[in-house]
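Single-letter residue listing:
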Amino acid sequence: MRTATPTGSWPAVAGVISVIAATVLAGCGILPSAPSPAPTNFVPTASASPGELAGGLSPDGFNAAQRMTVRVRNIGCGFLATGSGFALNEHTLVTNRHVVENAKHIEVSTYDGRVVQATAASTTTVADIAIVTTKEPLGTSYAERADEDPIEGDVITVVGYPNGGRLTTTSGVVLGETTDPLGGAVGPVLASTAQIEPGSSGSAVFNASGQVVGVVYAMNQSEQSFIVPISTLNNLLKEPALLVPNSEGCNS
Amino acid sequence: MATKDRPDAGETLPAASASPAPELPPQTITIPVVLPLNQHARMWMLLSGVLGIMLVAALVIVGYLWNVNGKWQAQVTSLTSTGYDLGDRIAEHQKRIDQLDAATELLTDQLATAKDKVLALSNEKAQWSDQTAYAQQQVDLLDSQVEGAQAVITQLGRCIEGEKQLQLYIDASTAPPVPSPSPDSVVYTPAQIAEYRTSVEKLCTAATNATAKFQKSITE
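So the sequences go chain by chain: F and V. Per the working numbering, the very first residue in the first sequence carries number 156; after that it's consecutive. Per the working numbering, the very first residue in the second sequence carries number 65; after that it's consecutive.
If we strip away everything but chain V, and leave its shape as in the complex, we get (with noise of 0.2 Å):
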């Protein structure tokens, strides 16, 4: 309803003075206008409608919340059992690892002792080996020093038959004439005998040096 306070709301008109009338009270008479929806009212309409796209908005969001949170759940309750499995699982195979520690434990004592074992054998072995080496040295060592003194000995032995020799010859030729002497005997002549006597201390000679040289090679 327009008010004359109000600018927009009409006019209020004056009462007609062209005849005479009784006086009649004024009277107020107010003409409706219809009015354009103003801009409060627009802006109202305009909000109603963009929280009605917003609650529908919302409501479409809290819908997919809902899903995605279900999917999650579901998920977090196939991992949660999941992981008491492998938790399970860990377990065993930390109770299995534990076990083969120990086995490697007593396995790795085992490998020291027999590494020192077969250090040991092997050192005891090239011990034996190197005494078997010297052993064989001396053998090879007594082998020479034999064959050396049977070559003295054989040295020694002509020189003493020499000497045996040497004096039946000399006997034969001091003694007196036989009348029939045997076809075997044989008298040399002095100057034969001394050519035998010098071979023969020669022979002797070398039997004494090689006897001298043998006894010193057993002394070094």
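Excised from the complex, chain F in its bound form (with noise of 0.2 Å):
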């Protein structure tokens, strides 16, 4: 005769439970909770002005370059001459060395036909460079010079005086370092295909960034324009005893 014996399904039973609580456990956590409290505020924090981001509007309009470049007038001895430039702090522009030669007087035209007596012109015969100094301010845009020269296939743009008339703009690409073709630089020079005309010597020449990466100074007839690296002028102005006190007056 068999008998039940009870106690022996009692583990069977419990693990049932167990996986039945387990599952029931598992399940509460997959189930939906009641939702967080809803924002109150749905507008979002005001982002920056306009005015603050980079590229914003200047306040008349007129970009950094425009404002940093002007016109040097050369009142010579029987002739008169112009030329471009662009400050490189307010009372301190850069330009050419033919811009100012024989000069008697020179005076400087801001982009807003502004007129700055200048009081000073130094230049060296290392390169096509003379720094000129005024009395009174140029602007409140400075030249921000680069570290590195351009390479070949960069892409600069020229702001200036040509002709001694508007101040204009006009891009180009760097063709890459080749020897004066005046023969009066010491060290190399840029070739560009920007087209420049007699009067946009002195203009800065700017890379993308809107650094001053070199300084216009000669044209070709093939309408290739040559530019002074920045690196000349950057030695030039950490060594101010290249710089000698441009002649003023009429030699004859």
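The set of hints was computed from the structure by calculation and includes no laboratory data. Ideal Cβ placement from N, Cα and C applies to all residues, glycine included. Certain hints may be false.
As the list claims (entries may be wrong) - In silico lysine-lysine, BS3-like type, Cα no more than 30 Å apart, as pairs: (1) K259/F with K290/F; (2) K179/V with K189/V; (3) K393/F with K290/F; (4) K228/V with K266/V; (5) K179/V with K290/F; (6) K259/F with K277/V; (7) K290/F with K181/V; (8) K189/V with K259/F; (9) K290/F with K189/V; (10) K266/V with K280/V; (11) K259/F with K393/F; (12) K277/V with K266/V; (13) K259/F with K266/V; (14) K280/V with K228/V; (15) K228/V with K277/V.
Stated by the list, open to error - Partial list, derived from the structure: chain V residues whose beta carbon lies under 7 Å from chain F: (16) M109; (17) V132; (18) K135; (19) W136; (20) S142; (21) L150; (22) L175; (23) K179; (24) V182; (25) S186; (26) N187; (27) K189; (28) A197; (29) Y198.
Two chains, each in its own frame: build the complex with the hints.
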């Protein structure tokens, strides 16, 4: 005769209950919860105003390159010549040596028509560069000089006063280093495709970031322009001894 | 009820044979036996209990979900209302932005025109300044030429005066002697006149050279 043994099934029962309990608990875990309180304010935090962003409007609509570019008038002995230049700081500008050569008096015009009198000019034989100082401030925008020279293929922008006329912006591409076609510069110069005219001499050359990477000083028959690289200008500014005062007055 | 064909339902006892007794028909006596619940019953009870627990759990879950669903529905309603409100505000702002864009475009055009005008006026001023500087150079040049001409005229005048004076001296030396000459009349000797002639000639030569130099300067 067989008899039932109830105690023998309890482990199985306990196991089943455990499985069910685990399943229920696991199921509770995936149950959706009540929504969290909805936000009361959907307006995002105000972003920066347009004027604070890079490339924002300037005070008068002109960009920094235009504001720092000046027109140089060389009132010489029996002649009048014009060129371009750009402000290094409030009272100093850079132009070409040949722009201020044989000057009896130098005047500088800003993009908005202000006329500023030059007080002194220094030139160097190392490159066609001249540093001119003024008594009145040139403006509020000054050149940010690059540390490296542009390389072949870089896009450049030239801002100046071709033919002594209106403030003009032209673009081009750097063709590479070459020797000075005029034979005056000690180091290499840069050739570019930017079209310039007489009067553009001393114009600043800007890279895509708006940094000054050179100074225009010559052109040839093939409409190529030649640029004093920024490394030369940086070296000249580091070595003031290389700059000598420009002789004023009429020789004859 | 236990039956013989069931192995665990008891046994059917045979009739006694100790004393003869009238033949009685064989009788089957069933002895009830209380057996413990078998395994199937226990399983059914267990299953019932589990199902009961599951039913209770299901009811709890249904209640919970009902509550959660209500809250979600309330929030959806609230968010839908908020969404419509924000949509209206966005539409209003978009309209305002469109108006501002139009105004910005107009102002951009005006700014471009103003910049162009500033550059044109600046250029015009520079050209006028160039012309003024050039005119000033011409004025300075004319001033220097006038000064040179005045110097030449002065030298030529002194030359002419010297020539006239020389002629008077020569006339005085060749005229017949006057019986009672005036105290102012002076008669120079030929040597003195020759010396004066030489100085006058130097003066006139200098004036001639200055004239030539001046003429050359104004033709350059």
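Comparing the hints with the structure gives:
no.: 1; hint: K259/F with K290/F; in the structure: holds (17 Å)
no.: 2; hint: K179/V with K189/V; in the structure: holds (15 Å)
no.: 3; hint: K393/F with K290/F; in the structure: holds (23 Å)
no.: 4; hint: K228/V with K266/V; in the structure: holds (15 Å)
no.: 5; hint: K179/V with K290/F; in the structure: holds (27 Å)
no.: 6; hint: K259/F with K277/V; in the structure: holds (25 Å)
no.: 7; hint: K290/F with K181/V; in the structure: holds (28 Å)
no.: 8; hint: K189/V with K259/F; in the structure: holds (21 Å)
no.: 9; hint: K290/F with K189/V; in the structure: holds (21 Å)
no.: 10; hint: K266/V with K280/V; in the structure: holds (21 Å)
no.: 11; hint: K259/F with K393/F; in the structure: holds (28 Å)
no.: 12; hint: K277/V with K266/V; in the structure: holds (16 Å)
no.: 13; hint: K259/F with K266/V; in the structure: violated (37 Å)
no.: 14; hint: K280/V with K228/V; in the structure: holds (28 Å)
no.: 15; hint: K228/V with K277/V; in the structure: holds (25 Å)
no.: 16; hint: M109; in the structure: violated (10 Å)
no.: 17; hint: V132; in the structure: holds (5 Å)
no.: 18; hint: K135; in the structure: holds (5 Å)
no.: 19; hint: W136; in the structure: holds (5 Å)
no.: 20; hint: S142; in the structure: holds (6 Å)
no.: 21; hint: L150; in the structure: holds (6 Å)
no.: 22; hint: L175; in the structure: holds (5 Å)
no.: 23; hint: K179; in the structure: holds (5 Å)
no.: 24; hint: V182; in the structure: holds (6 Å)
no.: 25; hint: S186; in the structure: holds (4 Å)
no.: 26; hint: N187; in the structure: holds (5 Å)
no.: 27; hint: K189; in the structure: holds (5 Å)
no.: 28; hint: A197; in the structure: holds (5 Å)
no.: 29; hint: Y198; in the structure: holds (5 Å)
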